[in-house]
Amino acid sequence: MYGTLIRRAFYSINRGFYDSNMIGRLTGVVNRAIRTNREPLNDNENHIVINEKRLIGFAFNEHSHLQDYLFFDPHVTHTKGGLLTIKLPAFHCMEDMIRLENTNHIIIRIEGHAFDFAHKESESLGEIELPVYFSRDKYAVEAKEWQFETSSVPSGQLILIGMCIEFHRTENRFYLLNDKQHHPAGIIGAFIA
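For what it's worth, the working numbering labels the leading residue of the sequence shown as 833, then goes sequentially.
Calculated directly from the structure, the hints in this document are not laboratory data.
A virtual CB, placed ideally from N, CA and C, is assigned to each residue, including glycine.
There may be inaccurate statements among the hints.
[Claimed, not checked] Once the Cα atoms are required to be at most 30 Å apart in a straight line, the calculated BS3-like pairs of lysine-lysine come out as:
| # | residue 1 | residue 2 |
| --- | --- | --- |
| 1 | K970 | K912 |
| 2 | K970 | K885 |
| 3 | K912 | K952 |
| 4 | K885 | K919 |
| 5 | K912 | K1012 |
| 6 | K976 | K912 |
[To be verified] Pairwise CB distance ranges (calculated):
| # | residue 1 | residue 2 | range |
| --- | --- | --- | --- |
| 7 | I930 | R840 | 15 to 21 Å |
| 8 | T911 | R840 | 23 to 29 Å |
| 9 | H907 | E953 | 15 to 21 Å |
| 10 | N1004 | M833 | 41 to 47 Å |
| 11 | N1004 | P921 | 19 to 25 Å |
| 12 | Q1013 | S983 | 26 to 32 Å |
| 13 | E953 | T1002 | 47 to 53 Å |
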C-alpha cells in the first residue's frame, strides 16, 4: 500500500524507470520506519507513527542512485511553522556530476508531497524544474534555494521530497536519454508535519 501510493505521487520523478522490486523495497523501508504500533489507525486518523529519516536516500531504481551521479548533496529543512526549504549548493557540471554520453543538458526535478496513509491520499506541495545547459564556457551553476509552504498539511502527515536527474540531448527537439539502467531518482527529504 505505502509503496504504491508513494510511487504514484512521484511518477514525474521516477518516470516509470524504477526496478521491478521497487514497490516491495519501498514498502519494506516504510514498514521498517514505522514504530511498533499495535493499534490500527482509526478512520479519523491521518498519520502513522514513523521514523521518517529512514526513508531519506531511498533510490527508486536500485541500479541508479543519485549519489552515484551527484558529488554534492541537496539540503532540505522543514520548520514547525510550515516552511519547507530546499537548497542546492553551487556546482560545476563537469566536476561535480556524472552525465550520460551525448548529454548536452540536464533537468534536475524536485517535488514535495504530503501523504495521508489512512485515507490512501497524497497532496502535491510543489514542483521544481532546474534546466542546466552545457556549453564550452559555462559549466558552473550558482547555488539555488526554493521554498514550499506546508502549513495547510495536517499535523502528523508524512512529507517526502523526491529528486531526479534527467539527461537530455537536443537536436532540433529534446531526446530523453534516461532508461531503466540510468535514471537517478530518490527521496532526499522526509519530515512529519
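| said: Taking 23 to 29 Å as the stated bounds, is the beta-carbon spacing between T911 and R840 within them? | reply: Given a distance of about 28 Å, which is inside 23 to 29 Å, the answer is holds.
| query | Within 15 to 21 Å or not, the Cβ separation of H907 and E953? | reply | 28 Å, violated
| query | Is the distance from the Cβ of N1004 to the Cβ of M833 consistent with 41 to 47 Å? | reply | 44 Å, holds
| Is the hinted pair K970 and K885 satisfied, with a Cα-Cα distance of at most 30 Å? | 36 Å, violated
| K912 paired with K1012 [C-alpha distance capped at 30 Å] | 37 Å, violated
| Given hint K952 paired with K912 - CA-CA distance at most 30 Å | 24 Å, holds
| Does the Cβ-Cβ separation between Q1013 and S983 fall within 26 to 32 Å? | Cβ of Q1013 to Cβ of S983: about 40 Å, so the range 26 to 32 Å is violated.
| K885 and K919: Cα distance at most 30 Å? | With a Cα-Cα distance of about 18 Å, the restraint between K885 and K919 holds, given a limit of 30 Å.
| query | Per the hint of 19 to 25 Å, is the separation of the Cβ atoms of N1004 and P921 within bounds? | reply | Since the Cβ atoms of N1004 and P921 sit about 34 Å apart, the hinted range of 19 to 25 Å is violated.
| Is the hinted pair K976 and K912 satisfied, with a Cα-Cα distance of at most 30 Å? | Roughly 22 Å between the alpha carbons, so the hint for K976 and K912 holds.
| field | 30 Å limit on alpha-carbon distance, applied to hinted pair K970 and K912 | value | 39 Å, violated
| query | So does E953 sit 47 to 53 Å from T1002, Cβ to Cβ? | reply | Since E953 and T1002 have Cβ atoms about 38 Å apart, the given range 47 to 53 Å is violated.
In terms of the numbered hints stated before, the structure departs from hints 1, 2, 5, 7, 9, 11, 12, 13, listed from lowest to highest.
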